[in-house]
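Novice: Let chain A serve as the given structure and place chain B on it in line with the hints.
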Amino acid sequence: MTERPALGADGLLLNVDGISKHYEGVTALDDVGLQVRPAEIHALLGGNGAGKSTLINILSGLTLPDGGTITLSGHQLDLRRASDALGHGINTIHQELSLVPALTTLDNIFLGREVNARFLGMNVKLDRRRMEERVRALAAEFGLSQEDLKLPVGEFGALKKRVVEIVKALAFDTRLLILDEPTSGLEEEERLNLFEHMRRLREKGVSLIWVTHHLEELYGLADSATVFRDGRRVGTVNVSDTTVDDLLGMMFGIAAGEFGSTSSAPALAEVEVESREEVLRLTDVNRSYVLRDISLTVRQGEILGIAGLAGAGRTELARAIMGIDKISSGTVHWNGNPVKFSGSSAAYRKGLAMLPEDRKQLGILPELSVSENISISSLDRVSRLGFVLKSRDEVSQAESYRQRLGIKTADVREKIRNLSGGNQQKAIVARCLNTNPDLLIFDEPTQGIDVSAKVEVHNLIREFVANGGAAIVIASEIGELVELSHRVVIMKKGRLVGSVDNVPHALVSGQFEAVKNRILAMSAGRTES
Amino acid sequence: MNFPRAASRALSTSGVPIAIALVLVVVIFQIISPVFLTPGSVRDYINNAIPILLLTVGVAIVIVAGGIDLSVGTVAGLSAGTTMWALVSGAPTWTAVLVGVATGLVFGLFNGLMITVFGINDFIVTLATLNIAGGLLIVLTEQVPLQGVTTPGFSDLVYGNFLGVPTGFWIAAVIFALMQFFLIRTVFGRRIFAIGIAPGAANVAGVNVNRVRLGTFVLSGLLAGAAGVLLASRLGAVQAFLGNGYEFIAIAGAVLGGVSLAGGRGSVWAAVAGGLMLATLQQGLRLNGVDPVYFSIVTGLCIVAGVVFDRRIQQLALGSFRKRAKGGPTPPAPVKLQETHLLGTGKQD
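Taken in sequence, the protein lines are chains A and B. Just so you know, we're using our numbering here: the first sequence kicks off at 1 and counts up by one. Just so you know, we're using our numbering here: the second sequence kicks off at 1001 and counts up by one.
Everything labelled a hint here was simulated from the structure, so no lab data went into it. A portion of the hints provided could be inaccurate.
To be verified - Stretch by stretch, here's where chain B covers chain A in the computed footprint (C-beta under 8 Å, at least three residues): (1) 157-165; (2) 334-345; (3) 350-356; (4) 381-387.
Heads up, the beta-carbon is just placed ideally off N, CA and C, and yes, glycines get one too.
In isolation and in its complexed conformation, chain A is listed as follows (with noise of 0.2 Å):
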């Protein structure tokens, strides 16, 4: 192992500065600086496409940033693949976790790093017992038993995975450690357990990048935060000098206002909404563990907006009216009667239709045109008989969407993987709405696109339920669903936690921070005052 000066002239561990990253049009990170000092417990806040998981991505070694520079104890890095990370002390434990089920405890700690028995100069075999010796009391320091490093780590639950993963990092001089959402899936005494080993892990003088959803957890533990939005940082802050309101706002941008100026709020208020003929009403629905009792309505020229943190189960909420997920229990009624979808082309046949948030994964079809992946839920209006394609239709009902909804592309059998994230979300709502539904759900909508063609997304749902369509937006932005939604809904741990009605009123009087700090604070969990 090479020496390395204690730390740089700065006195921080780890200096991250100017560094970008643009994917296709998207900028994920623009210009962006973090500086961890040395045993501390350095959180990183932000929302949903903040740039938090591409930043942890750039630090682990697994993206390479644009530009922009990263140095650790006054040393420039140049990270260009994971082990290049590793052999610098920075250690990650992802969210999704990383370690191999069927593999004992020991092996997946020195995965990749065996201690082999050597014979002749060659390695004969693992020598475990080389290696158990190394991490025993490490282990034990863990609550990790001899026993528990000779077991397949499939059998332990999510909090001892967690631990087997941090004994695996410390196994290896490790300075850094960046902990991605480390307390989803444990239960609240885990949790406990787990902030006494990250205390520990910072008496032993390690640094930790601590990325959470869950503001209360901070307090007590976190020394320091730095706030992402819109891949930009918003600030760092002593956590102790701060409230878990003041970091909304920095995580939410409600200081800034920035949407209050361009509400449409007065034309929507207009809208009469208890009216309307109701399209669709869920009664006490239930999907194990992700989706508790869930009742709710959506009228006809309504967008019903559904806010919560990451994890609140708001996207399952939505694949389960569709009926992509299955649900175990409860009542969905479709106009009036009530309807099990068998599948979302059962959706998709009774007037539903669905813009997913996860546009690289579930939206587009990246090796088809754009005028076929507008025509994909619907194909039966460009062909003779429902079987056979009538392709200049198909282009030419494209061309009309690029020409009404302003799809920048010089082609519509230009693939769509080529265009940008923005152009490619407005092909994408092409699609919903060449099905004619009665409802649509969008979930995130203007996630990683530009601001103007969030404004121009905004107006498309607009258009959308004032021609009678009714709506649901999800949308981790709680400034964006205030200014959409005629009613908000809170999730939270796949319950509803309570609502927001007659919101275009309450925006027209003058009290668009107040709804937006009750819906704020009902998604954090605490209670109404």
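Specialist: Chain B only, in chain A's frame:
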């Protein structure tokens, strides 16, 4: 390398590179041995190749949908067996043909239902039916001698003559054209591509993924049945191990034709060209007196070379696209290619 835009676009079109390569190989063999392109020789080797080309097309359709069907070889063998069995039992020609095709259909349905209803991995299911169909043919040959009886109409399926071209050619050509039309020009074909590219996204977009997947296995089964009928017609006798190993020649042909094993890319013509390439190589080697034991080695090398070549072409085409989109951010093209090519080297940059 700098590629003109039109050329790179044409070369990246599925089937064009393999068609060019096929023509080159034919020309080379013709130069080496001038008997290569005599009508009799061409008729023979294409006649021999047709059943496997049918399997290649069936497998290609399954692969485009993101699946795999290993059972086509032995199912074709069994279909040939049941066809012969019907003839031996005194059935008329068309009944025998129906029995053979129905055998393929039953296996296709069974594969598809096991995969979609019970959610079993397609590799496992079709590996099982490969063995079941192979075993059933052995049992059948032990019960009934599958030879000696043939109706005049039956052997005409392959050896008949229409406008100077053997009937087998016509049958195959019509099936290929139908399948190409089906895959490229129909709603169901479009959905096959969609589920092959991204099954999750297709599902969210309202495509009934399971029904489409079932459909591809049924098609593959039907084509295996048809291949079996043509095999029986050509051979006039069915032995116990007929069709064993055909599935790998079929998969190899499809891959050689640029059908991506990751799904979502390919065409029927490309698969047929890939299959013909393998058949042509064998024929060329045979005519030049190469010991048949070397055929499988050449086939193997040819697959690797073909896939590497196809990848290079794709990268060149993408490269010229990137230059066109000047000023824009660089698309992570090499990574995308990784995702769509299972047979790649897996090496980045």
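Novice: How about the region 157-165 of chain A: do at least three of its residues have a C-beta closer than 8 Å to a C-beta of chain B?
Specialist: violated (count 0)
Novice: Three or more residues of the region 334-345 of chain A near chain B by CB distance under 8 Å?
Specialist: n = 3 at 8 Å, threshold three: holds.
Novice: Take the region 381-387 of chain A, compare each residue's beta carbon with every beta carbon of chain B, and decide whether three or more fall closer than 8 Å.
Specialist: n = 3 at 8 Å, threshold three: holds.
Novice: Given that the region 350-356 of chain A was listed as covered by chain B, double-check it with a C-beta distance under 8 Å for 3 or more residues.
Specialist: That given contact holds, which follows from 3 residues of the region 350-356 of chain A lying within Cβ reach (below 8 Å) of chain B.
In terms of the numbered hints stated before, the structure departs from hint 1 and from no other.
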